[in-house]
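Trainee: From first to last, the protein sequence lines stand for chains W and A. Residue numbers are given in my numbering: position 286 of the first sequence equals residue 286, and the series is strictly consecutive. Position in the second sequence (from 1) plus 402 gives the number in my numbering.
FYI, nobody ran anything at the bench for these hints, they're computed from the structure. Here a beta-carbon is modelled for each residue, glycine too, at the ideal position from N, C-alpha and C. Be aware that a few hints might be false.
Claimed, not checked - Incomplete in silico selection of chain W near chain A, CB under 8 Å:
hint	residue
1	80
2	81
3	118
4	122
5	181
6	267
7	284
8	345
9	346
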Amino acid sequence: MSSADSQGTPSPSERRQRASGITIPGFVLKNALRNGRRAMLTVLSVAVSCALLVTLLTLQRELTVPPESEAASFRIIARNKVSLAQPLPARQRSTIEKIPGVRQVSPFTYFGGLFRDETTTSWAQFAVDPARFRELILEGKIIEGSYDAWVKNRNGCMVGADTLRRYGLKVGDKLRFTGTFYPVDLELTIETVYAGTIDDRNCFFHHALLDQLMDDWGMVGTWYMMADSADAVDGVIKGVNAAFENTSAEVRAETERAFQLGFVSMFGNVKMLFGSISAVVVFTLILVCVSTMSMAIRERFRELAVLKALGFRRRELFAFILAESFGLSMLGAFVGIGGAWLFWSTINLQKLSQGFLVYFEVTPRIMATGGIVAALLGIVAAIGPSVSVARMSVVSGLKTLD
Amino acid sequence: MALPLKYNYRNVLIRWRTTLFTVVGVAAVVSVVILLKALAKGIESSSARTGEPGNILVVRKGSQAESGSLVTRDQFRTLQFFEEIDRNAAGQPVVSAELVMIINAPRRAAPGSANTLIRGVTPRGLELRPKVTLVEGRWFQPGQREVTVSKKLAGRFEGFEVGGIIRAGPDRLRVVGLFEAAGSAFDSEAWMDADEARAIFDRSEMYSSILLRPRDEAAMRSLTNRIAQDKRLGLRAEPETEYYSKQTATAVPFNILAGLLGTAMSVGAVFAAMNTMYANVASRTREIGTLRVLGYSRAAIVVSFLIEGVLLSGLGGMVGCALSLGIYAYVVARGVTFGTMDFQSFAETVYQFRVTPDLMALGLVFSLVIGLIGSFLPALRAARLPVISALKSL
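Using the sequences and the hints given, assemble the complete structure.
Mentor: Structure (structure tokens):
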């Protein structure tokens with residue numbers, strides 16, 4: 001029993017409800033489902049579009065926002081100012097070590113070899129100085145073998161757990177790489193396995209081995225360094241850049257995070273591409289919903305005229321229409337977004353995309369975006385039919401046949 | 403007896419509001435698919451347009467791309483005097499040892515920077531690529547720190563215009579001319595003298611690749627075999643056109659995206675079309691009953707509604723094609739180019755997107771399939787309506 005009852009003055013709409021035995025929510029629900037097929041098709045088309053929207057946003061995030069790790073803000077990468085492909089002289093190391101704020105520095109050279117008989121580079125190999133590198137990957141944990149064994153074995157390497165699993169490798173296995181950027185081939189033994197970093201796919205090996213194979217090359221790809229503290233980072237970047245200004249190998253140092261973002265920005269305008277596709281998807285979605293809602297209302301024009309004649313106000317009619325359209329689109333959003341989340345978190349995309357897509361995390365923020373779009377959709381779709389219902393005169397409404 | 407087509411098209415027109423929604427929805431799906439495919443097509447056609455039929459490209463065995471290939475000066479010295487190589491009017495062997503490097507340059511329109519390819523070429527290298535033509539200024543002079551860049555690159559990077567300065571570390575290169583490369587991969591490159599490039603980029607003993615022209619077909623075959631069999635050289639020779647036709651990996655993501663979006667969006671569009679067609683059937687129940695009484699068979703009703711659905715979505719397909727053609731025309735008129743990072747060279751590939759007749763045909767077929775699937779169930783329902791009750795309905 002409602003509270004209004006006890007006060008003895010029920011409002012007109014409550015009186016109407018009781019007289020017919022139908023509640024307002026019940027009325028809306030019945031209306032929404034009276035054409036079950038249409039309700040289902042509407043919900044499904046909203047669901048498909050929402051799932052697509054969520055997938056696009058996730059893909060965009062995966063391509064434009066590299067995963068963040070806390071240690072990355074302490075780490076600095078220095079590359080040749082010309083480009084990443086241009087090496088730096090190994091003698092720069094002693095100068096870098098003297099710059100205040102630098103705790104540790106190691107060469108970091110991308111080898112880019114082909115594994116076994118593969119024809120594309122499917123995972124990265126880096127030449128580093130193992131003794132110094134240990135302090136640089138703070139977040140990494142050794143899960144198999146021993147790090148010290150790797151430090152001692154010049155032909156040894158450290159491999160990420162993801163790659164180990166992908167190829168079914170184990171400690172002691174031999175890895176063969178054909179060089180592409182370097183005219184030498186590698187033959188490495190897995191000494192240890194790491195996990196827990198943002199990218200557990202790579203292979204690290206002794207820079208000394210690369211130097212030896214390249215006849216005392218005397219160059220490194222990039223410098224990978226760690227600052228004493230977060231406050232020291234800016235000073236280190238400035239110091240490194242200034243130290244090699246006007247030398248034959250000018251350097252560009254930046255935080256690991258900035259480096260990753262810069263790398264990602266080279267994919268081209270991914271953001272715009274995905275943004276415009278998402279806009280088209282949303283636009284189509286609106287069309288579908290508006291069209292369905294106006295179909296549903298047109299069929300019921302006569303009934304709505306009857307309701308008007310019975311004394312329901314425009315506001316109330318609008319509420320009926322809004323509740324129906326909002327309800328249908330939210331149900332669609334729930335199915336679509338929930339389905340997308342379930343799908344992407346269940347399948348092993350990393351394996352399917354051969355390591356190209358790693359995380360593909362449908363974040364709460366992305367799901368909320370999808371939900372908001374669906375909510376707006378429900379509201380927008382109700383406006384058109386409501387306006388025409390509001391405008392109709394009872395007499396003409398009662399005459400409608402369609 | 404079949405129902406006249408006029409019945410369908412008048413119906414489509416009289417319900418213009420629902421028609422409009424469906425048409426625009428299908429048009430959106432079709433244009434997204436066409437435009438994404440057009441991006442992939444642009445990359446593929448740039449690869450397909452690169453290379454002269456008679457040329458051979460030599461790279462290090464195991465390298466997939468020139469930028470990841472190394473050829474030593476010794477190897478070049480051995481190779482350049484192979485007698486299979488053609489000679490030009492001056493009696494010089496038509497062979498060019500080249501260096502492909504990457505420099506990081508600031509973008510013109512957008513913030514940030516991107517990698518671009520800089521190629522050290524020789525006079526023979528220009529002879530080997532007749533499609534590359536100078537359109538502004540002049541060719542670079544060796545030893546003068548000069549470059550000639552692609553006109554398309556000039557539009558994308560700061561300092562790449564004639565008179566501009568390209569910075570390569572401490573070195574400054576002056577742009578003295580612009581070339582056009584007929585939509586080939588060379589449109590993504592800047593060219594300078596090979597020996598000068600080796601000095602600037604500290605590659606004293608190294609080249610990236612060797613481009614050469616054998617005397618004839620037989621010489622081509624014997625040279626390819628000779629290089630393949632010489633284990634000491636460790637090089638691989640391949641017709642230039644073949645090499646470039648394989649460099650289409652950059653197009654793959656666009657094709658995948660087009661497929662994914664095409665499928666998902668068309669499922670949504672099928673649902674929408676079904677909705678529209680069901681509503682059409684429901685509101686015409688009495689009409690259908692009348693048609694049945696007049697003697698039209700169930701099959702005729704099915705066919706008629708299928709035709710109506712196809713008409714509706716086909717209209718959408720045509721609008722979608724027109725839309726993408728319009729965007730294409732705009733892009734061509736404005737001279738807009740697109741760039742994507744090539745994962746093999748880590749440099750930006752510049753290309754134009756191409757809306758071709760076969761892509762439009764694909765879009766149209768796509769829309770027709772949407773219409774056919776979307777109207778199939780509603781059409782069956784229309785045919786199954788019991789005549790008497792249909793006539794009684796309002």
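Trainee: Decide, hint by hint, whether the structure agrees.
Mentor: Here is what the structure says about each hint:
1. 80: With a closest approach of 7 Å, the residue 80 of chain W hint holds.
2. 81: It holds, given that the least Cβ distance between residue 81 of chain W and chain A is near 5 Å, below 8 Å.
3. 118: 10 Å, violated
4. 122: 11 Å, violated
5. 181: At about 5 Å, which falls below the 8 Å cut-off, the nearest Cβ of chain A leaves the hint on residue 181 of chain W intact, so it holds.
6. 267: OK, holds: residue 267 of chain W within 8 Å of chain A, min 5 Å.
7. 284: 5 Å, holds
8. 345: For residue 345 of chain W, the interface hint is violated, since the closest Cβ of chain A sits about 18 Å away, which is over 8 Å.
9. 346: Nearest chain A Cβ about 18 Å off; hint violated.
When the structure is compared with the earlier hints, violations turn up for hints 3, 4, 8, 9 and for no others.
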